[in-house]
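Visitor: Position 50 of the sequence shown, counting from 1, maps to 50 under our numbering, and the rest follow consecutively.
No lab work stands behind these hints, which were simulated from the structure alone. Model, not experiment: these values are computed from the prediction. Check before you lean on any hint, since a few could be wrong.
[Unchecked claim] Simulated restraints, written as ranges between beta carbons of each label pair:
{"id": "1", "residue 1": "E96", "residue 2": "V42", "range": "16 to 26 Å"}
{"id": "2", "residue 1": "E4", "residue 2": "G125", "range": "46 to 56 Å"}
{"id": "3", "residue 1": "V42", "residue 2": "D88", "range": "12 to 22 Å"}
{"id": "4", "residue 1": "T74", "residue 2": "S5", "range": "26 to 36 Å"}
Each residue gets a CB set at the ideal place from its N, CA and C atoms; glycine is no exception.
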Amino acid sequence: MLIESMTRQASLDLLKRARVARLGYIHDGQPYIVPMLLAYNVDYLYSISTEGQKIDAMRANPRVCVEVDDLVTTQQWETVVVLGQYEDLPHTEEHEASRAHAHALLQGSRPMWWEPGYVKTIVDGKERPLEVLYFRIHIDQISGRRGLPG
């Protein structure tokens, strides 16, 4: 097997194809990782959530990491890591165009994209509010590796 670096364009292409990513952030001083749906466009990754631990943690420390991969076999795979900055897209006039853009990207690339983030969720016996929160991650750095059969 041969492992090689991916070009920036090949790394971005994997982001475009990815259905699920892993989002890493810091919560109370502890690294934490969760799956997320995403849509890529230019220098940003777009997604949705509801209020909760993840959003609170990213507001407190907006430095995040996103990983996507495509595993064909143990000898043929691609993985991309993004280091970036979390940004809220709140319900304000200033962000309305960005929210509409995020909605269009997610709608166009992921059927039923909204469903996982918009179901009744009970945490510690309390029902979480179901207000949809759009956010984006500015891509500061991106790197990729791929494994090729030898």
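Visitor: If you check each hint against the structure, which ones fail?
Guide: Failing hint: just 4.
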